[in-house]
Amino acid sequence: MINRLDELTMAQFVDLACGDYSLVGGDAVRASELVGEFQRVSNPSGYRAQLMECADRERRRARVVLYSVLVVLLSLDGEDDVRRILGDLGRKRLSTMDSERLRMQVEQLARSEKAAMERAEAERKDEEVRDAGTIRGEFYTEAAVLMRHFRMPIDFHAVNAEVYANLRRQAADDMRAMAK
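To convert, take the position in the sequence shown, counting from 1, and add 26; that gives my numbering.
FYI, nobody ran anything at the bench for these hints, they're computed from the structure. Fair warning: this is a prediction, and the values are worked out from it, not measured in the lab. Ideal Cβ placement from N, Cα and C applies to all residues, glycine included. There's no promise every hint is true.
Here are the computed distance ranges between Cβ atoms for each label pair [what the hints assert, rightly or not]: (1) G116 x M204: 42 to 52 Å; (2) I180 x G51: 44 to 54 Å; (3) M204 x M123: 52 to 62 Å; (4) G163 x R127: 27 to 37 Å; (5) A203 x D107: 28 to 38 Å; (6) M201 x L102: 52 to 62 Å; (7) T167 x R74: 16 to 26 Å.
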């Protein structure tokens, strides 16, 4: 089974990126890790942006859960606990409201956070709709650009994915340097 990016040829990596997980024993998580490693090597700033986006998504989910729990706590006469939690979160103004207004505000926060999470998920799903043919075509187009840039042929069946990722990053670095 494949454990590292340098164990894959680019042809195998493209298959993996297109959803063929047979090289990693059908392990979608391992496949995702390898694709992430490719992104980290080839586009470090883009990789960091993706990580930040994932962290934002998880923070949003955590807020939805938190406010949902606070709504339940209020319905179970846990108003003091809700006030303490809100105070700990820096929501001092909320923690000092009267009972009815506090309940309304916490319910509103729960609804708002859930709606924001659903909107972000819908936008993300719209961006992710790419079929295997599109992904494969993007890799081949990119390879053509890299071959022109470096003035050398790239054989997807011979070059490993880590070397290709480094070529991709080097070409991007070269283009940024020329733009200065």
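Of all the hints given earlier, name the ones this structure violates by number, lowest first.
2, 4 and 5
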